[in-house]
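Q: Sequence:
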Amino acid sequence: MRTKRLFIVWACFCLSSIPAMAQSIEPNLKFGKPTDQEMAMTVYELDPDAPAVVLCYMTKIFYEVRNNSFKVITDVKTRIKILKEEGLDYANVTVPYQEMESGRRLKEVVTGVKATAYNTENGTVTKSKITNDMVFREKYEKGLKLLKFTVPQAKVGSVIEYQYTKESDFYYHIDTWHAQYSIPVAYASYELVIPEYFKFNVEETGASPMERKIESGAVNLNVSGSLLHCATDEYRFIARNLPALKDDKFVWCASDFSNKVEAEFRSLEIPGSVYEDYTSSWSDIDKELMGDSEFGGCCKRSNPLKQEMQAAGIAAMGDVREKVTAAFALLRQRLSWNDKYAIWGKSASQVLKEGTASNADFNFILINMLSDVGVTACPVVMSTRNHGRIPLTHPTIKNLNTFIVGVMETDSTMSFIDASAEQGYINVLPAKLLVEQARVITPKGEGFWVNLQQLPGAETSIRAMVKLSADGSFTGNAKIKYERSAALKMREEYREAADSSAYIRALAKNVGAQVDSYSQIGRDDFLPTVEESITYSGNGDATADHIYVNPFLFRPVEDALFKAEKRILPIEFPFKQQVTVSLLLQLPDGYTVEEMPQGASMTTKDGGLAYSVRLNPSPQAVAVKFTFNINNLLYSQLDYPDIKTFFENMAAKFSEMLVLKKN
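So the sequence shown is numbered by my numbering: it starts at 1 and just counts up by one.
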């Protein structure tokens, strides 16, 4: 059953490029009257596979004074053509807005929602409009609410339009404008009008060029009954024919690289008033978080599992890791993860009563448990990979969406753990948490940055034996050892498989043979390693006097990973890793090696990717050893030809055959 996606206005999407082709549709900037061309469209020529296309997306942001307070007004208008069944997802719209900032009476309000579906019936264009009872609001997380609606009577062939206005008390914050979505955008425009009293840095980023114009203007603002005349800076950006931001397993978050405009607030300078500098620092964020009852308060509360820890004798354990391991095991007995990442916590008693928790609640309780037995533990806040990189130039809590636990093992050594990651371990985190910018907040409220991508990477080592018969069939056995992130990935794959048989079938595909028996050690334990033992069998090709067999069982890639001729976006790998395979292939009696793959090695220009292959023949056997390493996680699109060639070369090498001849 297809999972329904919500068209979230500010969402991150992972992406790949689409080549330009044919001609684009002419933009129609008049809402309420779709053109004949828009109604008749059945395919978007620049992307024939697109399920829908954004025909026109216009955003205007400006300031007004209401009730003697400055407001940021955001007007959004969007028109979309539904081209395929899966494109109906884009008739579901979600608009996030701030309910209230902690400790201050500031909020956002979304009004003026209008939505219409245009359909052609018997040669006539009909309209189906939304009504007030079709608009819903729900609480999402602390301080954040969601306004949701579905454009009525949307179907394949429909042109849908919707618009809304957001009024914000946060006059020092302007939402980042994203020009791209998960479907192609034919036309997008952004207007930003800033009165002279507000000082912003406005920055445009993205791979596709946008038209940009900056002009001076003027506006009259009514303040306490007096007309305030002030100059304005007026920014206008126009984007045309932007490619869709499609899923791509080699990009963590599209918004890191997509076309967007960001405005960073610096100061407020109103004539006759005191100059106010609003440029905050990450030290300010540290203090704000630790002063919040749903973050700092959760870090400082008493241990909710004190009695259980006393009964287990955890306080008497001498080693910090031993205490962490015991506390983790106890916590996992009491709670299960609800698959949600969060930054704010709930009541510990409520969480333990419910039995399920977000990773934030897991980690708050772990901090409480460790602090109770003399282990210094603190939160390490971050933005997960799929949430986007943290903009260090304009600090805000809004850019953070979760945290893990930092544990001081010695006065100078810190380790990291996510208590909700059942498949993880100390210094072994899920890939989406391996970010380069994570901020440790000490118990004193002082913070510093750490790069979690520098944690030890994944290692997979395989030792195997293959016995080849004269008919081309073979049998063998192997021991596979997964360490750190490789062990976490293996555990995740086992958990996600339908059953153990499904996992073994997938393993057999990776091995390149049928798995006849399987056993494992450590898969369900809180350990950094998992070991598998397998026996396997398969068949090569044999003639009367020759045997043809691929000697590269357990190869790390089956085919070249990158096939597109061009790429306009960077490449991001999940974690550092090393794969080592040592295999001994025993020859059948009466056969010798006639041809075999030559040894080879290749390294990318920066040394971040490397592989090597060695084959050593003897009268009775061929010893095969190959290695594969990823040491650099990020490559720019300029490096793409080098990366593409590397994986093509390695895949081609692993497809070569060993030829044996009968004496």
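What the hints contain is simulated information worked out from the structure, not anything from laboratory work.
The beta-carbon is built from N, C-alpha and C at its ideal position, and this holds for glycine as well.
Where hints are given, some of them may not hold.
If you anchor each label on the Cβ, the simulated ranges turn out as follows [stated by the list, open to error]: (1) H229 - Q350: 50 to 60 Å; (2) A600 - A312: 18 to 28 Å; (3) A312 - T410: 44 to 54 Å; (4) T126 - K148: 17 to 27 Å; (5) T410 - A497: 24 to 34 Å; (6) T645 - E204: 30 to 40 Å; (7) K148 - K300: 31 to 41 Å; (8) Q310 - M602: 54 to 64 Å; (9) L392 - N631: 21 to 31 Å; (10) V65 - A329: 20 to 30 Å.
List of simulated lysine to any residue pairs, SDA-like, C-alpha gap at most 25 Å [as the list claims (entries may be wrong)]: (11) K145 - Y171; (12) K398 - S280; (13) K432 - R332; (14) K340 - Y140; (15) K71 - E86; (16) K481 - L584.
Q: For every hint, state whether the structure bears it out.
A: So, going through the hints one by one against the coordinates:
In this structure the supplied range 50 to 60 Å holds for H229 paired with Q350, their Cβ-Cβ distance being about 54 Å. For the hinted restraint 18 to 28 Å between A600 and A312, the CB-CB distance of approximately 54 Å leaves it violated. A C-beta distance of roughly 24 Å is found between A312 and T410, which places it outside the suggested range of 44 to 54 Å. For the pair T126 and K148, the supplied restraint of 17 to 27 Å holds, since their beta-carbon distance comes to about 24 Å.
Checked against the given bound of 24 to 34 Å, the beta carbons of T410 and A497, roughly 39 Å apart, lie outside it. At about 33 Å, the CB distance of T645 to E204 agrees with the hint of 30 to 40 Å. Hint check: K148 to K300, Cβ distance near 36 Å, so the stated range 31 to 41 Å holds. Between Q310 and M602, the C-beta spacing of about 57 Å keeps the proposed range 54 to 64 Å intact.
Hint check: L392 to N631, Cβ distance near 25 Å, so the stated range 21 to 31 Å holds. In this structure the hint that V65 and A329 lie 20 to 30 Å apart at CB is violated, the actual value being about 58 Å. Annotation: proposed proximity of K145 to Y171 holds, straight-line Cα distance about 19 Å (limit 25 Å). For the hint pairing K398 with S280, the CA-to-CA distance comes to about 13 Å; that is within 25 Å, so the pair holds.
A C-alpha spacing of about 21 Å is found between K432 and R332, which places the hinted pair at or below 25 Å, so the restraint holds. Proposed proximity of K340 and Y140 is supported: the alpha carbons are some 12 Å apart, at most 25 Å. With a CA separation close to 38 Å, the supplied pair K71 and E86 exceeds the 25 Å bound. A distance of roughly 17 Å separates the Cα atoms of K481 and L584; the hinted pair therefore holds under the 25 Å criterion.
In the structure shown, a violation is registered for the earlier hints numbered 2, 3, 5, 10, 15, in ascending order.
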